[in-house]
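Chains as they are written, first to last, in the UniProt record's numbering: chain L, 1 to 206; chain F, 1 to 206; chain U, 1 to 206; chain X, 1 to 206.
These aren't lab readings, by the way, just hints derived from the structure by calculation. Be careful, since some hints might not be right.
As the list claims (entries may be wrong) - With a straight-line cut-off of 16 angstroms between C-alpha atoms, the simulated EDC-like cross-links for lysine to aspartate or glutamate are:
#: 1; chain 1: U; residue 1: Lys194; chain 2: X; residue 2: Glu176
#: 2; chain 1: L; residue 1: Lys194; chain 2: F; residue 2: Glu176
#: 3; chain 1: U; residue 1: Lys197; chain 2: U; residue 2: Asp28
#: 4; chain 1: F; residue 1: Lys194; chain 2: L; residue 2: Glu176
Next come the chains, spelled out residue by residue.
Protein chains: 4
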Amino acid sequence: MKILISGFEPFGKLESNPTEALVKEAADWKIEGIDIRTVVLPVVYRECAARLQEEIEAVKPDVVLSLGVAVGRSAVTPERIGINVQHTEGEGKFGDNSGRKPDNEPLIEGGPDGLFATLPNREITRALTDSGIPAQISNSAGTYICNNTLYETLCYVRERGSQIKAGFIHVPATPEMASHTPHVPTMSLDVQAKALKTILTVIREN
Amino acid sequence: MKILISGFEPFGKLESNPTEALVKEAADWKIEGIDIRTVVLPVVYRECAARLQEEIEAVKPDVVLSLGVAVGRSAVTPERIGINVQHTEGEGKFGDNSGRKPDNEPLIEGGPDGLFATLPNREITRALTDSGIPAQISNSAGTYICNNTLYETLCYVRERGSQIKAGFIHVPATPEMASHTPHVPTMSLDVQAKALKTILTVIREN
Amino acid sequence: MKILISGFEPFGKLESNPTEALVKEAADWKIEGIDIRTVVLPVVYRECAARLQEEIEAVKPDVVLSLGVAVGRSAVTPERIGINVQHTEGEGKFGDNSGRKPDNEPLIEGGPDGLFATLPNREITRALTDSGIPAQISNSAGTYICNNTLYETLCYVRERGSQIKAGFIHVPATPEMASHTPHVPTMSLDVQAKALKTILTVIREN
Amino acid sequence: MKILISGFEPFGKLESNPTEALVKEAADWKIEGIDIRTVVLPVVYRECAARLQEEIEAVKPDVVLSLGVAVGRSAVTPERIGINVQHTEGEGKFGDNSGRKPDNEPLIEGGPDGLFATLPNREITRALTDSGIPAQISNSAGTYICNNTLYETLCYVRERGSQIKAGFIHVPATPEMASHTPHVPTMSLDVQAKALKTILTVIREN
Numbered sequence: 001m002k003i004l005i006s007g008f009e010p011f012g013k014l015e016s017n018p019t020e021a022l023v024k025e026a027a028d029w030k031i032e033g034i035d036i037r038t039v040v041l042p043v044v045y046r047e048c049a050a051r052l053q054e055e056i057e058a059v060k061p062d063v064v065l066s067l068g069v070a071v072g073r074s075a076v077t078p079e080r081i082g083i084n085v086q087h088t089e090g091e092g093k094f095g096d097n098s099g100r101k102p103d104n105e106p107l108i109e110g111g112p113d114g115l116f117a118t119l120p121n122r123e124i125t126r127a128l129t130d131s132g133i134p135a136q137i138s139n140s141a142g143t144y145i146c147n148n149t150l151y152e153t154l155c156y157v158r159e160r161g162s163q164i165k166a167g168f169i170h171v172p173a174t175p176e177m178a179s180h181t182p183h184v185p186t187m188s189l190d191v192q193a194k195a196l197k198t199i200l201t202v203i204r205e206n
Numbered sequence: 001m002k003i004l005i006s007g008f009e010p011f012g013k014l015e016s017n018p019t020e021a022l023v024k025e026a027a028d029w030k031i032e033g034i035d036i037r038t039v040v041l042p043v044v045y046r047e048c049a050a051r052l053q054e055e056i057e058a059v060k061p062d063v064v065l066s067l068g069v070a071v072g073r074s075a076v077t078p079e080r081i082g083i084n085v086q087h088t089e090g091e092g093k094f095g096d097n098s099g100r101k102p103d104n105e106p107l108i109e110g111g112p113d114g115l116f117a118t119l120p121n122r123e124i125t126r127a128l129t130d131s132g133i134p135a136q137i138s139n140s141a142g143t144y145i146c147n148n149t150l151y152e153t154l155c156y157v158r159e160r161g162s163q164i165k166a167g168f169i170h171v172p173a174t175p176e177m178a179s180h181t182p183h184v185p186t187m188s189l190d191v192q193a194k195a196l197k198t199i200l201t202v203i204r205e206n
Numbered sequence: 001m002k003i004l005i006s007g008f009e010p011f012g013k014l015e016s017n018p019t020e021a022l023v024k025e026a027a028d029w030k031i032e033g034i035d036i037r038t039v040v041l042p043v044v045y046r047e048c049a050a051r052l053q054e055e056i057e058a059v060k061p062d063v064v065l066s067l068g069v070a071v072g073r074s075a076v077t078p079e080r081i082g083i084n085v086q087h088t089e090g091e092g093k094f095g096d097n098s099g100r101k102p103d104n105e106p107l108i109e110g111g112p113d114g115l116f117a118t119l120p121n122r123e124i125t126r127a128l129t130d131s132g133i134p135a136q137i138s139n140s141a142g143t144y145i146c147n148n149t150l151y152e153t154l155c156y157v158r159e160r161g162s163q164i165k166a167g168f169i170h171v172p173a174t175p176e177m178a179s180h181t182p183h184v185p186t187m188s189l190d191v192q193a194k195a196l197k198t199i200l201t202v203i204r205e206n
Numbered sequence: 001m002k003i004l005i006s007g008f009e010p011f012g013k014l015e016s017n018p019t020e021a022l023v024k025e026a027a028d029w030k031i032e033g034i035d036i037r038t039v040v041l042p043v044v045y046r047e048c049a050a051r052l053q054e055e056i057e058a059v060k061p062d063v064v065l066s067l068g069v070a071v072g073r074s075a076v077t078p079e080r081i082g083i084n085v086q087h088t089e090g091e092g093k094f095g096d097n098s099g100r101k102p103d104n105e106p107l108i109e110g111g112p113d114g115l116f117a118t119l120p121n122r123e124i125t126r127a128l129t130d131s132g133i134p135a136q137i138s139n140s141a142g143t144y145i146c147n148n149t150l151y152e153t154l155c156y157v158r159e160r161g162s163q164i165k166a167g168f169i170h171v172p173a174t175p176e177m178a179s180h181t182p183h184v185p186t187m188s189l190d191v192q193a194k195a196l197k198t199i200l201t202v203i204r205e206n
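Generate the whole structure from the sequences, applying the supplied hints.
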């Protein structure tokens, strides 16, 4: 099974992005039955998804697993749905890395309002909590680049009638990112890597 | 420098207590210039402090560093003050491990209302955040066993005119403890152990 | 303009539901240009939406505005989207008022994954914050009865090619509901009623 | 019984302070058996307490009840203890209204570390929750102007061996203050005024 894992470059006030570190680490893992490919995406509306689609066409994966950091969350959270909106607020309040700040605009004119991710989110969540890692299905990927990546990837797969499974999983900030913001929950990169290995195994089995 | 580190047994609905694991791990550390001694305290009002005092008298430490878990906190939090009250609410709502649930009672009749910890809390907090671990001085150790341990230890030291430095540091829940409560922030035992080593080094230098 | 406002009966451990009080109060309001009709819905999956549809057919409103309480939120939150899922967790962990606890099931087999509400959510949010009431568009109505009501109502309107506008707005708990849970944010019924009047005026103008 | 109620002027980024509005409103209340006097204090370290002491000497109250706003809290919170420290962080991160930003300094050299408030906090909390207003005893008034006012007032009373009862109660932000920060819990001025009347009645009876 070929799995394409995407992470993001840093954004806003962040100097690093744990998902970039995670995909670089994952690129070297040997897991039986899984051919791991990775890509780091730009934090720019629409370009994030366009870059991922290029890679999908080059790699031809069975599964696309996108990772993003959700500063403020304490658990690993597989996303249930991508929605057809781009809007900057909260984490995205500085706009994307090109400086654009869309205000409640659609991502794709005439696209479906929302599309469900097709990863085995329930099985992933159960396996994570069983292995001692806090996890929960999330009902909103927000309206920033993470949602954009998920929504457009799901549209891409659906339009082509493709069998590719696709989804998005948010991870918490790392301790290093949040050492001066003591109320922000964190998860160390070691635990995040352990979570990612568990997730890959569940995807392989489902 | 001889440092006596205390942790606690589990309490309430918790099946384990990371501070028990931490002190057991610390008992085997070799850190230059520090003679580490450890003790695991009962989660029972008054007995917690009595047990620690026995150990202080047996060990004759230069510093007493007590550790406790604060479920819900995301950072390592050195406590500023112990106060003369015992009261069960929040985490302690099930009462202590003997089943007692005091209601806003003093710990020591006629004792001072509050006593400041004498560890170098500012230096500890700065060293932790500099090393990428979220930390902040806390202004309240609550009214449960942690505060009890801190308050009575500070009284004990003060009454004897002793030169012993004493304080209390809260750590977050571990991922394993909170895997089914995804809104509870966590810190892995690895990061907690790294934090404890940093704390010990700061105490040695100050 | 005829506006049908729905509220809910109590659920879970709640003894009252502020949205029931709100719609009863609103039934007596005289607001120029608005014919207010109200209904209180059962907190039972599927029945909530069926009961609302009966009322829509009887009343033939121009707008359907559903209200629900979101214990834990501090602001008035118009919902962006309803999704095709029923799942009990969080507030809904006791199941619905019939005792049913669906586990990540669709509401309508073959229905669209998500549908956007058609109320002027941006204008509502701006008018509320301008009048001193905390408000924000929410990206998730959850997976309990509130989302069920929103999703099925949007499906109903879409299937019929109807011009009815429909949406859902969550309000915080009231102080009376949360007096013994001091960490739960609240908004008094007076402020909620002021918010509802502002919302109705915005709907009339848009 | 003569009760001196203090509020504060605005501070930091706040344009108004609900405790100023509350004491101005309370100045006109007629409550049997209570002679209400009020004062609005400057948000400047040490001056806050000095101004309150002037008023205590002029008014000769039986009780001093200080009010402050705690942005982020959702309940009315009588404070248990004032502590001998001044330190700017969190709400006070902009420094006081004179621009001073003390770093973990004592308020009074050689003063006791902490002093308990002498208001009937338990009875106040119970009466508030019984009347449908979220309330809880707080174990920390922070290290900003509120704590300063409480600590120095308690020192003043103790040094003089006075029979004056003194304490501090924090109230939440109002909806108007937080309309653009939707995650900040609020309590309307109406509910705060109802709370204050309840508090005054409890003080009269205890």
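Now for the hints, and whether the structure bears them out:
A threshold of 16 angstroms between alpha carbons decides the hint, and for U:Lys194 with X:Glu176 the separation of about 13 angstroms falls inside it, so the pair holds. Distance hint between L:Lys194 and F:Glu176 is fulfilled; the C-alpha atoms sit about 13 angstroms from each other, no more than 16 angstroms. Using a Cα cut-off of 16 angstroms, the hinted pair U:Lys197 and U:Asp28 holds, with the two alpha carbons roughly 12 angstroms apart. Simply put, F:Lys194 and L:Glu176 have alpha-carbon atoms about 13 angstroms apart, close enough for the 16 angstroms limit, and the pair holds.
Consistency with the previously given hints is maintained throughout, with no hint failing.
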